[in-house]
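Trainee: Residues in the sequence shown are numbered from -11 upward in steps of one, following my numbering.
Rather than coming from a laboratory, the hints here were simulated on the basis of the structure. Think of the CB as a built atom: it goes at the ideal place given N, C-alpha and C, for glycine as much as any other residue. It is possible that some hints are incorrect.
Claimed, not checked - Ranges between beta-carbon positions, derived for each pair:
hint, residue 1, residue 2, range
1, 253, 285, 33 to 41 Å
2, 357, 309, 33 to 41 Å
3, 196, 249, 38 to 46 Å
4, 357, 382, 23 to 31 Å
To be verified - Quick list of in silico lysine-lysine cross-link-like pairs, DSSO-like style, CA-CA up to 27 Å:
hint, residue 1, residue 2
5, 142, 129
6, 204, 152
7, 204, 15
8, 100, 15
9, 118, 142
10, 152, 118
11, 170, 240
12, 118, 128
13, 159, 171
14, 204, 170
15, 142, 171
16, 170, 159
17, 196, 142
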Amino acid sequence: MIETNESEIIEVFEIKENNLLDELLRKATTCGYLTTDDLLTSFPEAEDNMAQLEEIFIQLINQGIEVYADAEEAEEERRLREQPGSEIPLPAIDPFDLSGIAADDTISLYLKEMARVPLLAPAEEIMLAKSLEKGRNAQKKLRRNGHTEEEALKLRRYIRDGNKARDHLIKANTRLVVSIAKKYMGQGVPFSDLIQEGNLGLMKAVEKFDYRRGYKFSTYATWWIRQAITRALADQGRTIRVPVHMSDRIRKLHQISRQLEQVWGRKPTPEELADNMDIDASKVRWMLRVSRHPVSLERPVGEAEDSELGNFIEDEDAPTPPDTAFHHLLQEKLEDVLSTLTPREARILRLRFGLQNGRSYTLEEVGKKFGLTRERIRQIEGQALRKLRHPRRSRQLRDYLG
(Lines of atoms letter the chains of each structure in order from A and count residues from 1; the text may use other names and numbers.)
(Lines give C-alpha, C1' and ligand atoms only; values in the text may rest on other atoms or scores of the structure.)
Protein backbone atom coordinates (compact mmCIF):
# COMPACT_ATOMS: atom_id res chain seq x y z
CA MET A 1 0.00 0.00 0.00
CA ILE A 2 1.42 3.42 -0.98
CA GLU A 3 1.49 5.98 1.83
CA THR A 4 0.89 9.63 0.97
CA ASN A 5 1.46 12.27 3.61
CA GLU A 6 -0.58 15.45 3.97
CA SER A 7 2.13 17.75 2.59
CA GLU A 8 2.28 15.72 -0.65
CA ILE A 9 -1.51 15.96 -1.06
CA ILE A 10 -1.42 19.73 -0.52
CA GLU A 11 1.44 20.01 -3.04
CA VAL A 12 -0.59 18.09 -5.65
CA PHE A 13 -3.58 20.43 -5.18
CA GLU A 14 -1.34 23.51 -5.38
CA ILE A 15 0.20 22.26 -8.64
CA LYS A 16 -3.28 21.61 -10.07
CA GLU A 17 -4.47 25.08 -8.99
CA ASN A 18 -1.39 26.76 -10.49
CA ASN A 19 -1.91 24.90 -13.78
CA LEU A 20 -5.55 26.01 -13.92
CA LEU A 21 -4.53 29.60 -13.16
CA ASP A 22 -1.95 29.44 -15.95
CA GLU A 23 -4.71 28.32 -18.34
CA LEU A 24 -6.87 31.25 -17.24
CA LEU A 25 -3.96 33.67 -17.73
CA ARG A 26 -3.40 32.36 -21.26
CA LYS A 27 -7.09 32.83 -22.07
CA ALA A 28 -7.02 36.33 -20.59
CA THR A 29 -4.00 37.19 -22.75
CA THR A 30 -5.99 36.18 -25.83
CA CYS A 31 -9.33 37.81 -24.90
CA GLY A 32 -8.06 40.69 -22.77
CA TYR A 33 -10.36 39.72 -19.89
CA LEU A 34 -12.05 36.80 -18.10
CA THR A 35 -15.65 36.15 -17.11
CA THR A 36 -17.06 34.73 -13.89
CA ASP A 37 -18.09 31.71 -15.94
CA ASP A 38 -14.42 31.14 -16.86
CA LEU A 39 -13.47 31.11 -13.17
CA LEU A 40 -16.24 28.73 -12.11
CA THR A 41 -15.63 26.41 -15.06
CA SER A 42 -11.98 26.02 -14.04
CA PHE A 43 -12.75 25.97 -10.29
CA PRO A 44 -16.33 24.60 -9.91
CA GLU A 45 -15.82 23.91 -6.20
CA ALA A 46 -15.16 27.63 -5.61
CA GLU A 47 -18.86 28.42 -5.96
CA ASP A 48 -19.41 27.19 -2.40
CA ASN A 49 -16.03 28.47 -1.18
CA MET A 50 -16.06 32.26 -1.46
CA ALA A 51 -12.62 32.52 0.19
CA GLN A 52 -11.08 30.48 -2.62
CA LEU A 53 -13.00 32.40 -5.28
CA GLU A 54 -11.86 35.70 -3.76
CA GLU A 55 -8.23 34.56 -3.70
CA ILE A 56 -8.40 33.54 -7.37
CA PHE A 57 -10.02 36.88 -8.21
CA ILE A 58 -7.31 38.82 -6.32
CA GLN A 59 -4.51 36.90 -8.05
CA LEU A 60 -6.01 37.75 -11.43
CA ILE A 61 -6.48 41.42 -10.49
CA ASN A 62 -2.84 41.55 -9.39
CA GLN A 63 -1.90 40.34 -12.87
CA GLY A 64 -3.88 43.26 -14.31
CA ILE A 65 -6.72 41.04 -15.57
CA GLU A 66 -10.31 42.28 -15.34
CA VAL A 67 -13.10 39.83 -14.44
CA TYR A 68 -16.59 40.53 -15.84
CA ALA A 69 -19.99 38.85 -15.61
CA ASP A 70 -19.96 38.04 -19.34
CA ALA A 71 -18.54 39.13 -22.69
CA GLU A 72 -21.33 41.70 -23.19
CA GLU A 73 -20.38 43.51 -19.98
CA ALA A 74 -16.70 43.49 -20.98
CA GLU A 75 -17.55 45.06 -24.35
CA GLU A 76 -19.76 47.63 -22.66
CA GLU A 77 -16.92 48.53 -20.28
CA ARG A 78 -14.50 48.89 -23.19
CA ARG A 79 -16.85 51.30 -25.00
CA LEU A 80 -17.29 53.32 -21.82
CA ARG A 81 -13.56 53.70 -21.28
CA GLU A 82 -13.06 54.88 -24.86
CA GLN A 83 -15.47 57.76 -24.24
CA PRO A 84 -13.71 60.99 -23.20
CA GLY A 85 -13.96 61.99 -19.55
CA SER A 86 -15.01 58.60 -18.21
CA GLU A 87 -12.38 57.96 -15.55
CA ILE A 88 -14.85 56.35 -13.15
CA PRO A 89 -15.49 52.72 -14.17
CA LEU A 90 -19.26 52.66 -13.76
CA PRO A 91 -21.43 50.56 -16.11
CA ALA A 92 -22.73 52.45 -19.13
CA ILE A 93 -26.32 52.32 -17.87
CA ASP A 94 -27.40 55.63 -16.35
CA PRO A 95 -28.23 54.81 -12.69
CA PHE A 96 -30.63 57.75 -12.47
CA ASP A 97 -32.71 56.82 -15.50
CA LEU A 98 -35.80 55.38 -13.79
CA SER A 99 -37.75 54.77 -16.99
CA GLY A 100 -39.04 51.24 -17.18
CA ILE A 101 -38.64 50.66 -13.44
CA ALA A 102 -41.88 50.02 -11.56
CA ALA A 103 -40.43 51.56 -8.40
CA ASP A 104 -42.47 52.67 -5.44
CA ASP A 105 -41.89 55.92 -3.56
CA THR A 106 -39.44 54.27 -1.16
CA ILE A 107 -37.05 53.35 -3.96
CA SER A 108 -37.40 56.77 -5.57
CA LEU A 109 -36.51 58.45 -2.29
CA TYR A 110 -33.57 56.10 -1.84
CA LEU A 111 -32.23 56.92 -5.30
CA LYS A 112 -32.56 60.66 -4.68
CA GLU A 113 -30.76 60.34 -1.34
CA MET A 114 -28.04 58.26 -2.96
CA ALA A 115 -27.40 60.92 -5.62
CA ARG A 116 -26.41 63.46 -2.96
CA VAL A 117 -23.14 61.64 -2.19
CA PRO A 118 -20.49 62.51 -4.79
CA LEU A 119 -18.37 59.86 -6.47
CA LEU A 120 -14.88 59.26 -5.09
CA ALA A 121 -11.58 59.76 -6.84
CA PRO A 122 -8.99 56.96 -6.46
CA ALA A 123 -6.98 59.08 -4.01
CA GLU A 124 -10.08 59.56 -1.84
CA GLU A 125 -10.74 55.81 -1.86
CA ILE A 126 -7.23 55.17 -0.56
CA MET A 127 -7.57 57.85 2.12
CA LEU A 128 -10.86 56.38 3.38
CA ALA A 129 -9.44 52.84 3.25
CA LYS A 130 -6.46 53.94 5.37
CA SER A 131 -8.76 55.58 7.90
CA LEU A 132 -10.88 52.42 8.03
CA GLU A 133 -7.79 50.27 8.58
CA LYS A 134 -6.55 52.59 11.33
CA GLY A 135 -9.94 52.29 13.02
CA ARG A 136 -9.80 48.48 12.89
CA ASN A 137 -6.32 48.44 14.40
CA ALA A 138 -7.42 50.87 17.11
CA GLN A 139 -10.35 48.60 17.98
CA LYS A 140 -7.98 45.65 18.44
CA LYS A 141 -5.66 47.72 20.65
CA LEU A 142 -8.54 49.04 22.75
CA ARG A 143 -9.57 45.49 23.66
CA ARG A 144 -6.25 45.09 25.43
CA ASN A 145 -5.90 46.63 28.89
CA GLY A 146 -3.17 48.97 30.08
CA HIS A 147 -4.03 52.15 28.15
CA THR A 148 -3.96 55.58 29.71
CA GLU A 149 -7.09 57.71 29.48
CA GLU A 150 -5.46 59.87 26.82
CA GLU A 151 -4.47 56.82 24.72
CA ALA A 152 -7.99 55.36 25.04
CA LEU A 153 -9.55 58.63 23.86
CA LYS A 154 -7.19 58.70 20.89
CA LEU A 155 -8.05 55.10 19.95
CA ARG A 156 -11.79 55.80 20.23
CA ARG A 157 -11.35 58.78 17.90
CA TYR A 158 -9.62 56.53 15.35
CA ILE A 159 -12.51 54.06 15.65
CA ARG A 160 -15.10 56.81 15.06
CA ASP A 161 -13.15 58.10 12.06
CA GLY A 162 -12.90 54.53 10.72
CA ASN A 163 -16.65 54.01 11.02
CA LYS A 164 -17.30 57.31 9.24
CA ALA A 165 -14.86 56.28 6.49
CA ARG A 166 -16.69 52.95 6.08
CA ASP A 167 -20.07 54.69 5.82
CA HIS A 168 -18.72 57.22 3.32
CA LEU A 169 -17.14 54.50 1.17
CA ILE A 170 -20.43 52.57 1.12
CA LYS A 171 -22.68 55.56 0.41
CA ALA A 172 -20.42 56.85 -2.37
CA ASN A 173 -20.72 53.51 -4.19
CA THR A 174 -24.44 52.76 -3.75
CA ARG A 175 -25.15 54.11 -7.24
CA LEU A 176 -22.82 51.38 -8.52
CA VAL A 177 -25.10 48.86 -6.79
CA VAL A 178 -28.18 50.29 -8.51
CA SER A 179 -26.58 50.31 -11.95
CA ILE A 180 -25.59 46.64 -11.57
CA ALA A 181 -28.94 45.61 -10.03
CA LYS A 182 -30.83 47.10 -13.02
CA LYS A 183 -29.21 44.49 -15.27
CA TYR A 184 -30.80 41.66 -13.28
CA MET A 185 -34.38 42.97 -13.16
CA GLY A 186 -37.26 40.71 -14.17
CA GLN A 187 -35.60 37.47 -13.08
CA GLY A 188 -37.81 36.57 -10.12
CA VAL A 189 -36.44 38.91 -7.43
CA PRO A 190 -37.92 42.41 -6.80
CA PHE A 191 -35.73 45.39 -7.72
CA SER A 192 -35.62 46.59 -4.09
CA ASP A 193 -34.34 43.17 -2.98
CA LEU A 194 -31.68 43.21 -5.68
CA ILE A 195 -30.46 46.57 -4.36
CA GLN A 196 -30.46 45.22 -0.81
CA GLU A 197 -28.43 42.14 -1.80
CA GLY A 198 -26.05 44.33 -3.80
CA ASN A 199 -25.55 46.58 -0.78
CA LEU A 200 -24.62 43.53 1.30
CA GLY A 201 -22.01 42.66 -1.33
CA LEU A 202 -20.77 46.26 -1.28
CA MET A 203 -20.37 46.17 2.51
CA LYS A 204 -18.41 42.93 2.25
CA ALA A 205 -16.18 44.52 -0.40
CA VAL A 206 -15.50 47.47 1.94
CA GLU A 207 -14.47 45.09 4.74
CA LYS A 208 -12.15 43.05 2.49
CA PHE A 209 -10.69 45.85 0.33
CA ASP A 210 -6.89 46.16 0.51
CA TYR A 211 -5.72 49.47 -0.98
CA ARG A 212 -2.10 48.21 -1.05
CA ARG A 213 -2.85 45.86 -3.94
CA GLY A 214 -3.15 48.84 -6.27
CA TYR A 215 -6.52 48.29 -7.95
CA LYS A 216 -9.49 50.66 -7.72
CA PHE A 217 -12.17 50.00 -5.15
CA SER A 218 -14.93 50.12 -7.76
CA THR A 219 -13.27 47.25 -9.67
CA TYR A 220 -13.16 45.13 -6.52
CA ALA A 221 -16.65 46.17 -5.36
CA THR A 222 -18.26 45.42 -8.74
CA TRP A 223 -17.25 41.79 -8.42
CA TRP A 224 -18.59 41.45 -4.86
CA ILE A 225 -21.85 43.25 -5.70
CA ARG A 226 -22.43 41.04 -8.71
CA GLN A 227 -21.66 37.89 -6.70
CA ALA A 228 -24.17 38.88 -4.00
CA ILE A 229 -26.91 39.64 -6.55
CA THR A 230 -26.39 36.51 -8.67
CA ARG A 231 -26.29 34.32 -5.55
CA ALA A 232 -29.58 35.87 -4.39
CA LEU A 233 -31.10 35.16 -7.81
CA ALA A 234 -29.96 31.54 -7.59
CA ASP A 235 -31.34 31.14 -4.05
CA GLN A 236 -34.53 33.21 -4.24
CA GLY A 237 -35.37 33.68 -7.92
CA ARG A 238 -36.41 30.07 -8.50
CA THR A 239 -38.32 27.43 -6.61
CA ILE A 240 -35.62 24.93 -7.61
CA ARG A 241 -32.17 26.34 -6.92
CA VAL A 242 -29.80 26.65 -9.87
CA PRO A 243 -26.02 27.04 -9.29
CA VAL A 244 -24.71 30.60 -9.56
CA HIS A 245 -22.59 30.00 -12.65
CA MET A 246 -25.51 28.26 -14.38
CA SER A 247 -27.76 31.23 -13.55
CA ASP A 248 -25.35 33.47 -15.48
CA ARG A 249 -25.36 31.07 -18.44
CA ILE A 250 -29.15 30.79 -18.43
CA ARG A 251 -29.44 34.60 -18.34
CA LYS A 252 -27.08 34.81 -21.31
CA LEU A 253 -29.05 32.06 -23.12
CA HIS A 254 -32.34 33.96 -22.84
CA GLN A 255 -30.62 37.20 -23.86
CA ILE A 256 -29.27 35.59 -27.05
CA SER A 257 -32.65 33.93 -27.68
CA ARG A 258 -34.43 37.32 -27.55
CA GLN A 259 -31.85 38.89 -29.87
CA LEU A 260 -32.18 36.10 -32.46
CA GLU A 261 -35.98 36.20 -32.24
CA GLN A 262 -35.94 39.93 -33.05
CA VAL A 263 -33.65 39.35 -36.05
CA TRP A 264 -35.33 36.23 -37.46
CA GLY A 265 -38.93 36.91 -36.43
CA ARG A 266 -39.24 33.50 -34.79
CA LYS A 267 -37.94 31.64 -31.76
CA PRO A 268 -34.53 30.00 -32.34
CA THR A 269 -34.21 26.24 -31.98
CA PRO A 270 -31.94 24.71 -29.30
CA GLU A 271 -29.48 23.76 -32.06
CA GLU A 272 -29.31 27.38 -33.30
CA LEU A 273 -28.80 28.65 -29.75
CA ALA A 274 -26.07 26.04 -29.23
CA ASP A 275 -24.25 27.26 -32.35
CA ASN A 276 -24.38 30.86 -31.14
CA MET A 277 -23.18 29.97 -27.63
CA ASP A 278 -20.64 27.37 -28.83
CA ILE A 279 -22.01 24.64 -26.53
CA ASP A 280 -23.81 21.31 -27.03
CA ALA A 281 -27.49 21.38 -28.00
CA SER A 282 -28.23 18.89 -25.19
CA LYS A 283 -26.88 21.41 -22.68
CA VAL A 284 -29.11 24.14 -24.16
CA ARG A 285 -32.16 21.88 -23.80
CA TRP A 286 -31.24 21.18 -20.18
CA MET A 287 -30.80 24.90 -19.46
CA LEU A 288 -34.19 25.66 -21.04
CA ARG A 289 -35.83 22.97 -18.89
CA VAL A 290 -34.36 24.10 -15.56
CA SER A 291 -35.08 27.76 -16.34
CA ARG A 292 -38.82 27.18 -16.43
CA HIS A 293 -40.57 28.64 -13.40
CA PRO A 294 -42.94 26.20 -11.64
CA VAL A 295 -46.60 27.25 -11.51
CA SER A 296 -48.57 26.81 -8.30
CA LEU A 297 -51.46 24.33 -8.48
CA GLU A 298 -53.36 26.74 -6.20
CA ARG A 299 -53.10 29.57 -8.73
CA PRO A 300 -56.57 31.13 -9.32
CA VAL A 301 -57.97 30.74 -12.84
CA GLY A 302 -61.08 31.93 -14.64
CA GLU A 303 -62.62 35.38 -14.93
CA ALA A 304 -63.94 35.28 -11.37
CA GLU A 305 -60.78 33.48 -10.17
CA ASP A 306 -63.04 31.14 -8.20
CA SER A 307 -61.23 27.97 -9.33
CA GLU A 308 -57.69 26.69 -8.93
CA LEU A 309 -55.38 25.44 -11.67
CA GLY A 310 -55.03 22.06 -9.96
CA ASN A 311 -58.74 21.37 -10.47
CA PHE A 312 -58.23 21.27 -14.26
CA ILE A 313 -55.19 18.97 -14.32
CA GLU A 314 -55.86 15.30 -14.97
CA ASP A 315 -54.66 12.82 -12.37
CA GLU A 316 -53.04 10.17 -14.57
CA ASP A 317 -52.97 7.70 -11.67
CA ALA A 318 -56.70 7.99 -11.01
CA PRO A 319 -58.88 5.31 -12.69
CA THR A 320 -61.00 6.41 -15.63
CA PRO A 321 -64.80 5.94 -15.55
CA PRO A 322 -64.62 2.92 -17.94
CA ASP A 323 -61.95 1.30 -15.73
CA THR A 324 -64.05 1.91 -12.62
CA ALA A 325 -67.12 0.35 -14.26
CA PHE A 326 -65.06 -2.63 -15.50
CA HIS A 327 -63.65 -3.41 -12.03
CA HIS A 328 -67.05 -2.97 -10.42
CA LEU A 329 -68.67 -5.50 -12.81
CA LEU A 330 -65.73 -7.90 -12.39
CA GLN A 331 -66.10 -7.75 -8.62
CA GLU A 332 -69.81 -8.57 -8.90
CA LYS A 333 -69.10 -11.56 -11.20
CA LEU A 334 -66.40 -12.84 -8.82
CA GLU A 335 -68.86 -12.74 -5.94
CA ASP A 336 -71.40 -14.64 -8.04
CA VAL A 337 -68.85 -17.34 -8.89
CA LEU A 338 -67.52 -17.59 -5.30
CA SER A 339 -71.08 -18.00 -4.03
CA THR A 340 -71.21 -21.36 -5.86
CA LEU A 341 -68.43 -22.68 -3.56
CA THR A 342 -68.78 -23.71 0.06
CA PRO A 343 -68.50 -20.78 2.54
CA ARG A 344 -65.14 -22.09 3.80
CA GLU A 345 -63.69 -22.44 0.30
CA ALA A 346 -64.90 -18.96 -0.70
CA ARG A 347 -63.42 -17.34 2.42
CA ILE A 348 -60.07 -19.11 2.00
CA LEU A 349 -59.79 -17.84 -1.60
CA ARG A 350 -60.73 -14.31 -0.52
CA LEU A 351 -57.98 -14.33 2.12
CA ARG A 352 -55.33 -15.96 -0.08
CA PHE A 353 -55.84 -13.65 -3.08
CA GLY A 354 -56.60 -10.39 -1.25
CA LEU A 355 -60.21 -10.19 -2.41
CA GLN A 356 -61.41 -9.13 1.03
CA ASN A 357 -59.29 -6.08 1.95
CA GLY A 358 -56.49 -6.07 -0.61
CA ARG A 359 -54.08 -8.04 1.59
CA SER A 360 -52.98 -11.56 0.60
CA TYR A 361 -52.59 -13.88 3.60
CA THR A 362 -50.06 -16.73 3.79
CA LEU A 363 -51.11 -20.36 4.17
CA GLU A 364 -49.98 -20.27 7.80
CA GLU A 365 -52.01 -17.10 8.57
CA VAL A 366 -55.14 -18.56 6.96
CA GLY A 367 -54.60 -21.82 8.85
CA LYS A 368 -54.56 -19.99 12.18
CA LYS A 369 -57.89 -18.32 11.36
CA PHE A 370 -59.51 -21.72 10.64
CA GLY A 371 -57.57 -23.78 13.19
CA LEU A 372 -56.13 -25.95 10.39
CA THR A 373 -52.63 -26.84 9.21
CA ARG A 374 -50.88 -25.16 6.28
CA GLU A 375 -51.14 -28.35 4.25
CA ARG A 376 -54.87 -28.69 4.84
CA ILE A 377 -55.43 -25.05 3.72
CA ARG A 378 -53.38 -25.78 0.58
CA GLN A 379 -55.60 -28.79 -0.19
CA ILE A 380 -58.83 -26.80 0.26
CA GLU A 381 -57.46 -23.95 -1.90
CA GLY A 382 -56.51 -26.38 -4.68
CA GLN A 383 -59.91 -28.04 -4.52
CA ALA A 384 -61.68 -24.63 -4.77
CA LEU A 385 -59.54 -23.53 -7.74
CA ARG A 386 -60.30 -26.76 -9.60
CA LYS A 387 -64.00 -26.06 -9.14
CA LEU A 388 -63.56 -22.53 -10.55
CA ARG A 389 -61.80 -23.92 -13.63
CA HIS A 390 -64.90 -25.93 -14.52
CA PRO A 391 -66.36 -24.56 -17.79
CA ARG A 392 -69.70 -23.83 -16.16
CA ARG A 393 -68.05 -21.38 -13.72
CA SER A 394 -65.05 -20.11 -15.73
CA ARG A 395 -67.31 -19.15 -18.66
CA GLN A 396 -68.75 -16.29 -16.54
CA LEU A 397 -65.27 -14.71 -16.07
CA ARG A 398 -63.88 -15.33 -19.57
CA ASP A 399 -64.94 -11.90 -20.93
CA TYR A 400 -63.13 -10.10 -18.08
CA LEU A 401 -59.93 -12.15 -18.12
CA GLY A 402 -59.32 -11.89 -21.88
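Trainee: Under the criterion that the straight-line Cα-Cα distance not exceed 27 Å, is the pair residue 196, residue 142 satisfied?
Mentor: holds, 25 Å
Trainee: Residue 159 and residue 171 were given as a pair; does the straight-line alpha-carbon distance stay at or below 27 Å?
Mentor: OK: residue 159 and residue 171 at ~20 Å, within 27 Å.
Trainee: Next pair to validate is residue 170 with residue 159; report whether the Cα-Cα distance is within 27 Å.
Mentor: Holds - the C-alpha atoms of residue 159 and residue 170 are around 18 Å apart, at most 27 Å.
Trainee: Regarding residue 357 and residue 309, is the given constraint of 33 to 41 Å on their beta-carbon distance met?
Mentor: holds, 37 Å
Trainee: Is the hinted pair residue 204 and residue 152 satisfied, with a Cα-Cα distance of at most 27 Å?
Mentor: holds, 20 Å
Trainee: Okay, residue 357 versus residue 382 on CB: inside 23 to 31 Å?
Mentor: holds, 27 Å
Trainee: Taking only the CA atoms, is the gap from residue 142 to residue 171 under or equal to 27 Å?
Mentor: violated, 45 Å
Trainee: Residue 142 and residue 129: Cα distance at most 27 Å?
Mentor: Distance of about 11 Å is within 27 Å: holds.
Trainee: Can you confirm whether the C-alpha distance between residue 204 and residue 15 stays at or below 27 Å?
Mentor: Given that 27 Å is the threshold and the Cα spacing comes to 23 Å, the pair holds.
Trainee: Would the pair residue 204 and residue 170 pass a check requiring their Cα atoms to be no farther apart than 27 Å?
Mentor: holds, 22 Å
Trainee: Check the hint pairing residue 152 with residue 118 against an upper bound of 27 Å on the C-alpha distance.
Mentor: holds, 12 Å
Trainee: Does residue 170 pair with residue 240 here, judged by a C-alpha cut-off of 27 Å?
Mentor: holds, 15 Å
Of the numbered hints given earlier, the model fails hints 8, 15; all others are met.
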